[in-house]
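Visitor: Residue numbers (this note's numbering), protein chains in the order written: chain A, 1 to 234; chain B, 1 to 234; chain C, 1 to 234; chain D, 1 to 234.
Just so you know, not all the hints are guaranteed correct.
As the list claims (entries may be wrong) - Which residues of chain A face chain B? A few of them, derived with a C-beta cut under 7 Å, are:
hint : residue
1    : 48
2    : 99
3    : 104
4    : 105
5    : 109
6    : 137
7    : 139
8    : 142
9    : 143
Worth flagging that the hints you see were computed from the coordinates, not collected in a lab.
All C-beta atoms in this analysis are idealised placements derived from N, C-alpha and C, irrespective of residue type, glycine included.
4 protein chains.
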Amino acid sequence: MLLESLREQVLHANREIARRGLAPHTFGNASGIDRSGPEALIVIKPSGVDYATMTPADLVVTDLDGRIVEGKLRPSSDLDTHTLLYREFPQIGGVVHTHSEFATSWAQACRAIPCLGTTHADYFHGPVPVTPSLTAEEVAEAYVRNTGAVIVRLFREKSLDPVAVPGVLVAGHAPFTWGKSAAEAVEHADVLEYIARMAFRTLLLEPSVTGLPVFVGEHHYLRKHGSQATYGQR
Amino acid sequence: MLLESLREQVLHANREIARRGLAPHTFGNASGIDRSGPEALIVIKPSGVDYATMTPADLVVTDLDGRIVEGKLRPSSDLDTHTLLYREFPQIGGVVHTHSEFATSWAQACRAIPCLGTTHADYFHGPVPVTPSLTAEEVAEAYVRNTGAVIVRLFREKSLDPVAVPGVLVAGHAPFTWGKSAAEAVEHADVLEYIARMAFRTLLLEPSVTGLPVFVGEHHYLRKHGSQATYGQR
Amino acid sequence: MLLESLREQVLHANREIARRGLAPHTFGNASGIDRSGPEALIVIKPSGVDYATMTPADLVVTDLDGRIVEGKLRPSSDLDTHTLLYREFPQIGGVVHTHSEFATSWAQACRAIPCLGTTHADYFHGPVPVTPSLTAEEVAEAYVRNTGAVIVRLFREKSLDPVAVPGVLVAGHAPFTWGKSAAEAVEHADVLEYIARMAFRTLLLEPSVTGLPVFVGEHHYLRKHGSQATYGQR
Amino acid sequence: MLLESLREQVLHANREIARRGLAPHTFGNASGIDRSGPEALIVIKPSGVDYATMTPADLVVTDLDGRIVEGKLRPSSDLDTHTLLYREFPQIGGVVHTHSEFATSWAQACRAIPCLGTTHADYFHGPVPVTPSLTAEEVAEAYVRNTGAVIVRLFREKSLDPVAVPGVLVAGHAPFTWGKSAAEAVEHADVLEYIARMAFRTLLLEPSVTGLPVFVGEHHYLRKHGSQATYGQR
Chain A
1 MLLESLREQV
11 LHANREIARR
21 GLAPHTFGNA
31 SGIDRSGPEA
41 LIVIKPSGVD
51 YATMTPADLV
61 VTDLDGRIVE
71 GKLRPSSDLD
81 THTLLYREFP
91 QIGGVVHTHS
101 EFATSWAQAC
111 RAIPCLGTTH
121 ADYFHGPVPV
131 TPSLTAEEVA
141 EAYVRNTGAV
151 IVRLFREKSL
161 DPVAVPGVLV
171 AGHAPFTWGK
181 SAAEAVEHAD
191 VLEYIARMAF
201 RTLLLEPSVT
211 GLPVFVGEHH
221 YLRKHGSQAT
231 YGQR
Chain B
1 MLLESLREQV
11 LHANREIARR
21 GLAPHTFGNA
31 SGIDRSGPEA
41 LIVIKPSGVD
51 YATMTPADLV
61 VTDLDGRIVE
71 GKLRPSSDLD
81 THTLLYREFP
91 QIGGVVHTHS
101 EFATSWAQAC
111 RAIPCLGTTH
121 ADYFHGPVPV
131 TPSLTAEEVA
141 EAYVRNTGAV
151 IVRLFREKSL
161 DPVAVPGVLV
171 AGHAPFTWGK
181 SAAEAVEHAD
191 VLEYIARMAF
201 RTLLLEPSVT
211 GLPVFVGEHH
221 YLRKHGSQAT
231 YGQR
Chain C
1 MLLESLREQV
11 LHANREIARR
21 GLAPHTFGNA
31 SGIDRSGPEA
41 LIVIKPSGVD
51 YATMTPADLV
61 VTDLDGRIVE
71 GKLRPSSDLD
81 THTLLYREFP
91 QIGGVVHTHS
101 EFATSWAQAC
111 RAIPCLGTTH
121 ADYFHGPVPV
131 TPSLTAEEVA
141 EAYVRNTGAV
151 IVRLFREKSL
161 DPVAVPGVLV
171 AGHAPFTWGK
181 SAAEAVEHAD
191 VLEYIARMAF
201 RTLLLEPSVT
211 GLPVFVGEHH
221 YLRKHGSQAT
231 YGQR
Chain D
1 MLLESLREQV
11 LHANREIARR
21 GLAPHTFGNA
31 SGIDRSGPEA
41 LIVIKPSGVD
51 YATMTPADLV
61 VTDLDGRIVE
71 GKLRPSSDLD
81 THTLLYREFP
91 QIGGVVHTHS
101 EFATSWAQAC
111 RAIPCLGTTH
121 ADYFHGPVPV
131 TPSLTAEEVA
141 EAYVRNTGAV
151 IVRLFREKSL
161 DPVAVPGVLV
171 AGHAPFTWGK
181 SAAEAVEHAD
191 VLEYIARMAF
201 RTLLLEPSVT
211 GLPVFVGEHH
221 YLRKHGSQAT
231 YGQR
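Model the full structure from these sequences, guided by the hints.
Guide: Printed below as a string of structure tokens:
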């Protein structure tokens with residue numbers, strides 16, 4: 001069986017989605033990539049299988065174009081979004097899609113989450129962006145792949161760095177997050193839900209709030225990221 | 001004892017109502033129908049009995065008109081709504097009534113839940129409709145049966161397909177959902193609560209939101225339903 | 001030891017307050033009364049003792065005027081509210097005070113909870129009333145007893161029946177509920193919190209909502225109460 | 001190993017932060033101080049270490065200026081806020097920092113929590129204050145220490161007693177609370193979150209609410225604090 005260790009990691013990340021309550025039923029999926037070989041290989045959750053009974057062998061291995069390399073089950077129906085993100089964001093090692101409640105509510109409201117506090121600034125450099133809606137043509141042509149395409153286009157147009165902004169809201173749908181690994185992607189999904197909850201309540205309390213001053217956000221972000229980071233153990 | 005397997009399924013669905021927190025105390029009830037014999041038989045929860053101690057033998061078997069065929073306990077006080085739905089919607093095999101908090105809040109606000117995202121579109125084709133209020137005459141005449149009648153009338157008037165729209169909000173009361181089986185009906189009750197929570201928050205964030213474009217909703221619904229479905233395993 | 005069985009019931013009701021999350025820390029208290037002897041005796045929680053370690057012997061027995069008949073610990077600091085309610089509402093057998101979150105939010109907003117749905121109508125006949133604030137004189141004179149007095153005055157002025165309306169919000173403070181027994185009083189506290197949550201969300205969704213038509217509320221209330229009740233087992 | 005008993009207490013307080021859900025991941029930290037020796041010694045959580053695996057030996061001992069006296073791990077990145085609070089508020093024995101959701105939402109909204117009910121009045125004498133934002137100069141110079149400085153300045157300017165007001169919201173960031181011990185500081189953090197949730201909902205229900213009359217708040221505060229306290233056991 002190919003990629004046993006990556007399969008374990010991806011299975012664990014999928015179970016974390018359920019354990020943390022980030023997606024009910026079988027909504028939501030996690031994948032990881034191994035870029036060390038001659039050809040990059042992706043491990044992803046099968047479609048519609050219960051997290052509780054899933055085993056490493058149930059996971060599906062594909063290449064960067066989504067062709068199945070190993071696996072008897074159908075891959076997640078969101079596979080083409082994952083593969084496009086891996087092709088276009090070569091820095092990332094894991095992708096997670098959830099339907100977590102508050103992040104999804106922001107996505108449904110078609111609103112980016114402004115940076116209102118240091119919890120946000122520690123993880124996301126600037127707002128969590130929201131994509132435009134797909135056009136009828138994009139939906140008809142290739143809905144899932146174009147969901148990835150609309151994310152990548154947004155990051156290009158706004159010159160966003162996917163390492164500094166490790167997630168996005170897809171308008172009318174739900175969030176995608178990513179990271180160095182599947183484990184980090186699911187941590188980002190969890191933190192995103194957390195800041196989505198707090199931003200929701202902050203705005204209800206004070207609709208005119210303008211957000212954290214940029215110099216505070218900058219300071220907090222750099223406390224955790226980059227060569228000058230002082231957070232955690234060396 | 002008649003219908004042992006259906007009794008087990010219906011008992012399980014009633015317990016799921018409690019386990020998923022869809023109704024406190026003994027509010028809420030599930031039933032299932034066996035249409036295979038010469039006469040259809042319904043299995044339903046007894047009234048006001050605790051889920052934890054209920055056994056298959058406590059369930060009540062009735063015919064399509066609600067006449068008790070087997071059982072020592074009184075059936076759920078909502079029986080006449082269940083039987084009317086089974087008579088009028090011959091495609092359905094299970095009915096669930098909950099007082100889940102957010103769906104009930106929408107019902108109390110007398111508002112249909114608009115389709116604001118793909119989570120909704122995966123399960124409900126269009127808005128989750130809300131009935132008009134019963135008139136004083138309908139309440140006095142036969143409150144429980146007329147609760148069913150007002151649901152059926154709404155579906156007729158709006159040409160709604162109960163398979164594509166597997167649930168409804170009864171104004172000032174609470175939701176009813178249904179499905180192929182009692183298990184699917186309770187899954188729909190759970191998803192309904194989930195989309196009710198997200199729609200509530202979406203509208204508080206953005207009162208002017210107009211909802212998911214129809215072509216996206218259509219695409220998502222058909223991903224999971226009908227002959228072209230691509231979700232899950234074959 | 002006096003009243004062993006009532007002590008057990010009251011201890012259980014106090015633990016239910018904690019188990020159902022109706023009051024954090026040691027906020028909240030339950031009592032019960034035995035009116036069968038020549039003199040009525042009240043059993044109440046001691047003040048500031050942890051629910052987890054409390055034993056029946058820790059409970060305090062008082063007479064109707066709050067004089068300690070048996071017990072080494074100080075009674076709940078809310079004792080004088082309990083005793084006044086027992087003196088003025090001879091129909092009741094148990095009293096519960098919680099700081100449950102949503103009911104307390106309504107109390108802090110100084111707003112009665114309107115009857116917006118059948119869940120409410122099944123338990124409370126009409127709105128859950130809110131008291132006026134105590135005056136500075138009432139606070140200075142006897143804060144705890146006057147908390148009871150302001151409740152009783154409200155019920156008198158509005159001709160409310162404490163059996164049909166088994167609870168109240170004390171403005172700027174929190175709810176009190178009661179019932180035939182301590183167990184029923186805590187069930188009413190739990191249902192009150194539940195309807196407070198749903199009424200909160202209903203009003204946010206639809207500020208202009210006017211409430212359940214009286215004829216529906218009446219029908220639902222009588223389904224569960226009085227000689228024509230059809231809910232539950234005979 | 002220095003201060004074994006204090007290490008146990010501080011470890012317990014850090015675990016309480018996690019157990020009560022007051023901070024996800026490793027956000028949040030607790031410390032305690034021993035002022036009995038010739039030099040006061042502080043015990044604080046190490047930075048970015050998981051609560052579940054932390055042992056007393058992992059905690060870091062520093063002096064009042066934050067110089068490490070014992071410990072192999074880096075102290076919490078918020079150390080300089082803790083030490084400044086201990087230097088300026090000599091009455092306190094424990095400090096807790098959380099990112100609890102509702103208190104943080106108030107902090108992000110840059111709003112003090114008004115005293116709207118007796119639950120609040122039992123613990124905080126008056127509103128829970130919010131600091132002004134740090135200036136760009138304060139952030140650049142010494143962000144963490146100046147977070148402490150802005151708290152202390154606020155208490156001085158408003159003549160607030162840190163014993164009567166055992167916590168604060170740092171604008172755009174999150175709450176800090178304190179108490180006689182680390183255990184009391186974490187209890188205050190928990191109660192703060194609780195009153196933040198209820199104040200949020202009270203204001204959504206009734207934006208014009210003006211708060212608890214001062215004479216009620218005063219009465220409640222004195223019921224639990226000072227020489228005339230009547231709450232709890234002697």
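Visitor: Are the hints correct? Go through all of them and say.
Guide: Structure-based check of each hint:
no.	hint	result
1	48	holds, 3 Å
2	99	holds, 5 Å
3	104	holds, 5 Å
4	105	holds, 4 Å
5	109	holds, 4 Å
6	137	violated, 9 Å
7	139	holds, 5 Å
8	142	violated, 11 Å
9	143	holds, 6 Å
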